[in-house]
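> Below are the chains, spelled out letter by letter.
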Amino acid sequence: MEVFSDFQCPACKSLYDATNRQLMDNYVNTGKVYLIHRDFPLPMHSHSREAAQYSRAAAQVGKLEAVEDVLFQNQEKWEASGDVDGTVAKVLTPTEMTKVRALVKSGAVDASIAKDQALGNNTYRVNQTPTTVFHANGQTFPYAGVMSWDILKQFLDQLLGGK
Amino acid sequence: MWLGRLILGPIFIYAGYSKALLPNSHFWPWFFFKFSLSMNIANFALQVDAFKLLPPWGVQFVAHTLPFTEIVLGFLVLVGWQLRIFGTMLAAIMVGFSVVVTRAYLLHMNINCGCFATPQPINMEKVLEDAGMAILAVLMAAFAIIEARKPHPWSAPSASGAVAATAPATK
Numbered sequence: 528m529e530v531f532s533d534f535q536c537p538a539c540k541s542l543y544d545a546t547n548r549q550l551m552d553n554y555v556n557t558g559k560v561y562l563i564h565r566d567f568p569l570p571m572h573s574h575s576r577e578a579a580q581y582s583r584a585a586a587q588v589g590k591l592e593a594v595e596d597v598l599f600q601n602q603e604k605w606e607a608s609g610d611v612d613g614t615v616a617k618v619l620t621p622t623e624m625t626k627v628r629a630l631v632k633s634g635a636v637d638a639s640i641a642k643d644q645a646l647g648n649n650t651y652r653v654n655q656t657p658t659t660v661f662h663a664n665g666q667t668f669p670y671a672g673v674m675s676w677d678i679l680k681q682f683l684d685q686l687l688g689g690k
Numbered sequence: 372m373w374l375g376r377l378i379l380g381p382i383f384i385y386a387g388y389s390k391a392l393l394p395n396s397h398f399w400p401w402f403f404f405k406f407s408l409s410m411n412i413a414n415f416a417l418q419v420d421a422f423k424l425l426p427p428w429g430v431q432f433v434a435h436t437l438p439f440t441e442i443v444l445g446f447l448v449l450v451g452w453q454l455r456i457f458g459t460m461l462a463a464i465m466v467g468f469s470v471v472v473t474r475a476y477l478l479h480m481n482i483n484c485g486c487f488a489t490p491q492p493i494n495m496e497k498v499l500e501d502a503g504m505a506i507l508a509v510l511m512a513a514f515a516i517i518e519a520r521k522p523h524p525w526s527a528p529s530a531s532g533a534v535a536a537t538a539p540a541t542k
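So the protein sequences, as listed, match chains A and B.
Under my numbering, think of the first position of the first sequence as 528, with each following residue one higher.
Under my numbering, think of the first position of the second sequence as 372, with each following residue one higher.
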């Protein structure tokens, strides 16, 4: 599964809150599903690119999950204030934060975000977030929008050949 | 009346279709169709919820019924069957849409209209568009009701001037 997501998108937050944790626990950590997060900051969200930069940088210091969680849980606050840096700093040590800030400032993470956007635009024709692209049995199925855990579980079970 | 039927009927059919079957439209095998439909309805529920008007059960009720109601009403209005009934229902829904969208605009809500599958911001253009369709729908329903009260054009007038169906005169 590739999930094209925007940290400032309310629907992406809904997907993260309602589905992501259970998906990770029941399918990703058990090896049934390989999950890839793709950053797809939308132009109408003024701080989402910055949030994507911080999360990419956090991934390089091994703290992607923590930063992803704090960004989604505090979405309304940093959306209004623009304080992505302060939000991320809550879950990182000072040393980690220094590294993250350096990575963001140097632009080292921009290429990977651009690559995700190009993949979404050119290959999958992503025009909204979240968009989840399922790859199974040699086929590709993009789905736009939020999925509840119950619906996703049923779908994954059937896709994986379960009951 | 004709104008209302020809404009509003197809619009409602497409609106319902796009809510239920777009943007996710994988129809085979069967569980893909179920998943597509569920996701599209879930997306529409989020859009309904964004208006902050209904409780959660109301949001789910609207999300699960409105798309199909629109398709059926659109079809019935297009073919013109029982237009005073179904045209009135369509007009009532259209007036409701117009009021809700206008409210969202006045409250400066930066949300998606939820009218069709493609995101549409709520701006003055949308407000005027919906108001125009609401007026057309009301006029269509009004004319349908007036028309229904008129005698059938094949009826002959009676001696008193009242119009009634007459049997052929026997010799």
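If you're looking for bench data, these hints aren't it; they were derived computationally from the structure.
Computed from a predicted model, the values in this text were never measured in an experiment.
It cannot be assumed that every hint is accurate.
Just a few of them, taken from the derived set where beta-carbon distance is under 10 angstroms, the chain B residues facing chain A [as the list claims (entries may be wrong)]:
(1) Asn395
(2) Phe402
(3) Phe403
(4) Lys405
(5) Phe406
(6) Ala413
(7) Phe415
(8) Ala463
(9) Gly467
(10) Ala488
(11) Thr489
Far from chain B, by Cβ distances over 10 angstroms, these chain A residues were calculated [as the list claims (entries may be wrong)]:
(12) Ala538
(13) Gln549
(14) Glu577
(15) Asp596
(16) Ser639
(17) Lys642
Quick reminder that beta carbons are idealized off the backbone N, C-alpha and C, glycines included.
> Name the hints, by number, that the structure is in violation of.
8, 9, 12
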